[in-house]
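Undergrad: Spelled out, the chains give:
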Amino acid sequence: MFNAFLSLLKRDLRLAFRHKSEILNPLFFFVIVVTLFPLGISPEKQTLAEIGPGIIWVAALLASMLSLDSLFRSDFDDGTLELMLLSEYPLSVMVLAKIIVHWLITGFPIIIFSPLLGTVMFLSPDAIVTLMITLLLGTPILSLIGAIGMALVVALKRGGMLLSLLVLPLYIPVLIFSANAVGSSMAGLSISGQLYFLAAFMIFCLTLAPIATAAALRVSLE
Amino acid sequence: MKSIWKSVMKFIYHFASPKHFYRISGKLIPWFGWLAAILLIVGSIDGLFFAPVDYQQGDSYRIIFIHVPAAWMSMFIYMVMATSGAIGTIWKIKLADVVASSSAPIGAAFTFLALVTGSIWGKPMWGAWWVWDARLTSELILLFLYLGFMALEAAIEDPRAAARACAILAIVGVINIPIIHYSVEWWNTLHQGATVTKFDKPSIHISMLIPLLLMALGFKLYYVAVVLVRARNKVLYSEQNNSWVKEIVKAHG
Numbered sequence: 001m002f003n004a005f006l007s008l009l010k011r012d013l014r015l016a017f018r019h020k021s022e023i024l025n026p027l028f029f030f031v032i033v034v035t036l037f038p039l040g041i042s043p044e045k046q047t048l049a050e051i052g053p054g055i056i057w058v059a060a061l062l063a064s065m066l067s068l069d070s071l072f073r074s075d076f077d078d079g080t081l082e083l084m085l086l087s088e089y090p091l092s093v094m095v096l097a098k099i100i101v102h103w104l105i106t107g108f109p110i111i112i113f114s115p116l117l118g119t120v121m122f123l124s125p126d127a128i129v130t131l132m133i134t135l136l137l138g139t140p141i142l143s144l145i146g147a148i149g150m151a152l153v154v155a156l157k158r159g160g161m162l163l164s165l166l167v168l169p170l171y172i173p174v175l176i177f178s179a180n181a182v183g184s185s186m187a188g189l190s191i192s193g194q195l196y197f198l199a200a201f202m203i204f205c206l207t208l209a210p211i212a213t214a215a216a217l218r219v220s221l222e
Numbered sequence: 001m002k003s004i005w006k007s008v009m010k011f012i013y014h015f016a017s018p019k020h021f022y023r024i025s026g027k028l029i030p031w032f033g034w035l036a037a038i039l040l041i042v043g044s045i046d047g048l049f050f051a052p053v054d055y056q057q058g059d060s061y062r063i064i065f066i067h068v069p070a071a072w073m074s075m076f077i078y079m080v081m082a083t084s085g086a087i088g089t090i091w092k093i094k095l096a097d098v099v100a101s102s103s104a105p106i107g108a109a110f111t112f113l114a115l116v117t118g119s120i121w122g123k124p125m126w127g128a129w130w131v132w133d134a135r136l137t138s139e140l141i142l143l144f145l146y147l148g149f150m151a152l153e154a155a156i157e158d159p160r161a162a163a164r165a166c167a168i169l170a171i172v173g174v175i176n177i178p179i180i181h182y183s184v185e186w187w188n189t190l191h192q193g194a195t196v197t198k199f200d201k202p203s204i205h206i207s208m209l210i211p212l213l214l215m216a217l218g219f220k221l222y223y224v225a226v227v228l229v230r231a232r233n234k235v236l237y238s239e240q241n242n243s244w245v246k247e248i249v250k251a252h253g
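Just so you know, the protein sequences line up as chains F and E, in that order. According to this note's numbering, the residues represented by the first sequence are 1 to 222, in order. According to this note's numbering, the residues represented by the second sequence are 1 to 253, in order.
One or more of the hints may lead you astray.
[Unchecked claim] In silico negatives: residues of chain F with every beta carbon more than 12 Å from chain E: (1) F2; (2) N3; (3) R18; (4) Y89; (5) I112; (6) L136; (7) A155; (8) S164.
[Said to hold, decoys possible] Distance condition first, Cα-Cα at most 20 Å in a straight line; then the derived DMTMM-like pairs of lysine to aspartate or glutamate: (9) F:K10 x F:D78; (10) E:K94 x E:E153; (11) E:K19 x E:E247; (12) E:K234 x E:E153; (13) E:K19 x E:E239; (14) F:K157 x F:E44; (15) E:K92 x E:E185; (16) F:K157 x E:E157; (17) E:K94 x F:D77; (18) F:K157 x F:E88; (19) E:K92 x F:E222; (20) E:K234 x E:E247; (21) F:K157 x E:E239; (22) F:K157 x E:E153; (23) F:K20 x F:D69.
What the hints contain is simulated information worked out from the structure, not anything from laboratory work. Note that the Cβ used here is the ideal one computed from N, Cα and C, for glycine as well.
Using the sequences and the accompanying hints, generate a full structural model.
TA: See the structure below:
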């Protein structure tokens, strides 16, 4: 089982690296959305530092959500998912491999680029470290919850808008705690509570989301 | 033990067969409907005219007799949807799926009612139509969850697949609701603390509590009546090719 898990992981990663746009586009989207806010609101240091954590997090949320399509779409279209369902391995484990790859190609680059965006939004060095930690804990949750939504809409012709309706409300706790942690560390307050919550929520999603995703895929593949 | 369980399941399957459900629910609806009407009338009269004036909020607090039961219903109905979705998934009882999908618009309507009355109440209390208060915000998110459920149901053509998908969504939602609720509450609390759920010593006076509970019960019975009406319609529609439906249609012209 572990071999199947690993080979699926490798296959999906290789596929992603062959289509470089799958990795680059969410990242560009993330950077562009953050850039829009100083232009739309004001370039003042004080304002940006105040709204920065929230904006970076909202942009990360949207980038992760918009890239969910790559999670199951092509495998659904060419029938790979059906074969995975018929194989002897539990679907939830296979799904977990795909989710991990999705996080590696969308969440991870966002974490790498976040210090840059934190700097242009005038976050303090401490807050930038916190931003990276919250992204590290939070973006896997986005991929995990997003996978459930994507599995529900993958069989639909126009699922994009619907996906955001399904997934965004469930992202709210992550947004609240992460943006608040970054803001608090700007103010020099303790952030351990928020980080504990994010870590707990990530473990929770890691345990249950693959099962829900597998169940949803079974419905979509009927 | 096993035989008792078997007979219970047999009874459930018997009741849940569309034909029996249609017959029995037809008899139950007037009861629920009239009881709801009586409770709502008595509760509103008691709440609006006889309950004492609040020493801080004056008469404007009286909107809680609509607001609070509506908010309770909004959460209760989501629980019903998730539970019946789970029942429909596990035991393949079609009727449970029908109940889940007929509940969604009613639940969304109650959520909307709770939001509107909350904002009307907020105007004299906070001086603004909308305040990003914890409970109003989580009610708003609950409305989004309802809308997502209804949108997903509308997007999937095959009703069986739609019911399965919506059941998963409702279960995921119901697990998330407490997490969302407490994170929003932690994020911001301006609202007055809960006044009824403190079991040992409710901080609401008994003369206000009675109309509130009357209204809550009235709302609940109203929901049962409406959900039965909607479920009956759906059952008739999905069973339209069966002979018993054709007979009913013929009998009604």
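Undergrad: Hint by hint, say whether it matches the structure.
TA: Against the structure, the hints come out as follows:
Taking the minimum C-beta to C-beta distance to chain E, about 27 Å, the non-interface status of F2 (chain F) holds against the 12 Å cut. With a cut of 12 Å on Cβ distances, N3 (chain F) stays outside the contact zone with chain E, its closest approach being about 29 Å. Distance check on R18 (chain F): its Cβ is at least 31 Å (rounded) from any Cβ of chain E, clearing the 12 Å threshold; non-interface status holds. Non-interface call for Y89 (chain F) relative to chain E: holds, since the shortest CB-CB distance, roughly 21 Å, exceeds 12 Å.
Every Cβ of chain E is farther than 12 Å from the Cβ of I112 (chain F); the closest lies at roughly 27 Å, confirming the non-interface assignment. Against chain E, the non-interface label of L136 (chain F) holds: every CB pair exceeds 12 Å, the least being about 19 Å. Listed as outside the interface, A155 (chain F) is inconsistent with that label: its C-beta sits roughly 8 Å from the nearest C-beta of chain E, within the 12 Å cut-off. Consistency note on S164 (chain F): stated as away from chain E, yet its beta-carbon is not over 12 Å from all of that chain's, at 9 Å minimum.
Taken as a hint, the K10 (chain F) and D78 (chain F) pair is honoured in the structure, with Cα atoms around 19 Å apart against an allowance of 20 Å. Restraint check: the Cα-Cα separation between K94 (chain E) and E153 (chain E) comes to about 15 Å, which is no more than 20 Å; the hinted pair holds. Restraint check: the Cα-Cα separation between K19 (chain E) and E247 (chain E) comes to about 12 Å, which is no more than 20 Å; the hinted pair holds. At roughly 14 Å between alpha-carbon atoms, K234 (chain E) and E153 (chain E) fall within 20 Å of each other, so this suggested pair holds.
Distance check on the hinted pair: K19 (chain E) and E239 (chain E) sit about 9 Å apart at the alpha-carbon level, within 20 Å; holds. For the suggested pair K157 (chain F) and E44 (chain F), the alpha carbons sit about 44 Å apart, so the restraint of at most 20 Å is broken. Of the supplied pair hints, the one linking K92 (chain E) and E185 (chain E) is violated, its CA atoms being roughly 37 Å apart against a limit of 20 Å. Restraint check: the Cα-Cα separation between K157 (chain F) and E157 (chain E) comes to about 11 Å, which is no more than 20 Å; the hinted pair holds.
Annotation: proposed proximity of K94 (chain E) to D77 (chain F) is violated, straight-line Cα distance about 30 Å (limit 20 Å). For the hint linking K157 (chain F) to E88 (chain F), the alpha-carbon distance of about 29 Å lies beyond 20 Å, and the restraint is violated. Only pairs whose Cα atoms come within 20 Å are accepted, and K92 (chain E) paired with E222 (chain F) is accepted, the gap being roughly 15 Å. Using a Cα cut-off of 20 Å, the hinted pair K234 (chain E) and E247 (chain E) holds, with the two alpha carbons roughly 17 Å apart.
Between K157 (chain F) and E239 (chain E), the direct Cα distance comes to roughly 28 Å. Violation of the 20 Å bound is thereby established for this hinted pair. Distance restraint check for K157 (chain F) and E153 (chain E): the Cα-Cα separation of roughly 14 Å lies within the 20 Å cut-off, and the hinted pair is therefore satisfied. Using a Cα cut-off of 20 Å, the hinted pair K20 (chain F) and D69 (chain F) holds, with the two alpha carbons roughly 15 Å apart.
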